[in-house]
Amino acid sequence: MAVDRSRARQNLMTILTELREDWEYPGEINDSTGIFRDLQFESIDAVALGSAIEDHYNQSLPFAEFLMKANERKATDITIGELVDFLMLHLRDAPGATS
Amino acid sequence: MHYQTKGVGADVVLVHGLTSTLAFWYNTRVLATLSADYRVTAYDLRGHGYSTLTPTGYKSPDLAADLAALLDHLGVERATVIGHSFGGSVALHFALLYPERCAGAVICDTGFAALRYLRNIDQWPGWEIWKNELPEYGITPDWFYRADEAGIKTILEKSVNIPVQFGLRRGTTRDTPRFRRLLEETSVSTDFRDPAGLTEDRLADITPPILAVYGEISPFRNVALRLAERLPNCAAQIIPAMGHFFLLHAPEVFMETVAPFLREPDAYVARQRNGTASTAVQEGGTPG
Numbered sequence: 886m887a888v889d890r891s892r893a894r895q896n897l898m899t900i901l902t903e904l905r906e907d908w909e910y911p912g913e914i915n916d917s918t919g920i921f922r923d924l925q926f927e928s929i930d931a932v933a934l935g936s937a938i939e940d941h942y943n944q945s946l947p948f949a950e951f952l953m954k955a956n957e958r959k960a961t962d963i964t965i966g967e968l969v970d971f972l973m974l975h976l977r978d979a980p981g982a983t984s
Numbered sequence: 040m041h042y043q044t045k046g047v048g049a050d051v052v053l054v055h056g057l058t059s060t061l062a063f064w065y066n067t068r069v070l071a072t073l074s075a076d077y078r079v080t081a082y083d084l085r086g087h088g089y090s091t092l093t094p095t096g097y098k099s100p101d102l103a104a105d106l107a108a109l110l111d112h113l114g115v116e117r118a119t120v121i122g123h124s125f126g127g128s129v130a131l132h133f134a135l136l137y138p139e140r141c142a143g144a145v146i147c148d149t150g151f152a153a154l155r156y157l158r159n160i161d162q163w164p165g166w167e168i169w170k171n172e173l174p175e176y177g178i179t180p181d182w183f184y185r186a187d188e189a190g191i192k193t194i195l196e197k198s199v200n201i202p203v204q205f206g207l208r209r210g211t212t213r214d215t216p217r218f219r220r221l222l223e224e225t226s227v228s229t230d231f232r233d234p235a236g237l238t239e240d241r242l243a244d245i246t247p248p249i250l251a252v253y254g255e256i257s258p259f260r261n262v263a264l265r266l267a268e269r270l271p272n273c274a275a276q277i278i279p280a281m282g283h284f285f286l287l288h289a290p291e292v293f294m295e296t297v298a299p300f301l302r303e304p305d306a307y308v309a310r311q312r313n314g315t316a317s318t319a320v321q322e323g324g325t326p327g
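For the record, the sequence lines run as chains A and B.
Quick note, the first sequence lines up with residues 886 to 984 if you use the working numbering.
Quick note, the second sequence lines up with residues 40 to 327 if you use the working numbering.
Calculated from the structure, these hints are not laboratory results.
Be aware that one or more of the hints could be misleading.
[What the hints assert, rightly or not] To be clear about the criterion: a stretch of chain B counts as covered by chain A if any three or more of its residues have a C-beta under 8 Å from a C-beta of chain A, and this derived list gives those stretches:
#1 50 to 64
#2 69 to 83
#3 199 to 212
[Claimed, not checked] If you want a taste of the chain B side facing chain A, the calculated C-beta under 10 Å gives, among others:
#4 91
#5 93
#6 96
#7 153
#8 156
#9 215
#10 218
By construction, the Cβ of each residue, glycine as well, lies at the ideal position given by its N, Cα and C atoms.
With these hints in hand, go ahead and build the complete structure from the sequences.
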């Protein structure tokens, strides 16, 4: 069963909200929203997000590699769309992946 | 306490510097690279990142006790500790207080409160750049020369205006709620300047093998020489043309430098000390 993109996106939003309980972001969050520039993440929040995603799906993901590659190509943000792309690429067909 | 463990093998623990977090070890690739051969644990120091913030307890022996407690929690008997900057004070204090639990320590460009007098701002090439740029952020050279309590606190407070230099957040502000809380609600800015028992005399009592890795153009470069002289079981390596943040600028050189030490800390230091003059200092980055 393929991973559903809108489901992956919805799960990501749930994880983000749980990660930052005190979080207030006034704008609409869409695929071009950046976690550092728009959502005011610090590096450690991105690391914690990776752990939270792994916990949610109960599988190990190359999230550290993903962050480092973004850094090495001189990116200055990671968007929600890129995070969903990452999930679509790496989530295996596990019970947690589609629920 | 917030930590992450990756990989399988002998235990290595990574200790970040003041106002940093375990994300430092992501940005430097150290966590990813070492976890191919070791079980690597990176954690957020007390009050930093996702670890609990307390009003006090930021002196290096307090933080070394936190590290020992983390090892207890993980069921780890003995580990090699790598500390960057102030994290190196924690690592060396851990080696002093818990020698039986310290398989070795890598000290990365740590200033050490007791060795503050060795810091050389004027001969530090980086200072030529910074002394012209820092006034723009309200930091004037006299604060560095004084380096008293008020001076350090002011530098830390003003430094929040300097944009982030590295990583995905570069160009954005350092002035985050987390940074503010650490600075304003804790004793960290006075605690980190306190030798708290790690005096120059006590260096002779530190028995675990120590590798001191310093940047050639770091203001703390002379500390490497002093550590190699005073510690009974220490070798020093100087990373050419690099400053305080060689871990960010030249992570691959750092990894090559520490790899033989991590494999056999005692044998490595013995080899270095036998192979060179009394100071056991290697210039050139990659050991033979």
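Outcome of the hint check:
no.	hint	result
1	50 to 64	holds (count 4)
2	69 to 83	holds (count 3)
3	199 to 212	holds (count 6)
4	91	violated, 14 Å
5	93	violated, 18 Å
6	96	violated, 20 Å
7	153	violated, 30 Å
8	156	violated, 33 Å
9	215	holds, 6 Å
10	218	holds, 9 Å
Violated hints, listed in ascending order, are 4, 5, 6, 7, 8; each of the other numbered hints is respected by the structure.
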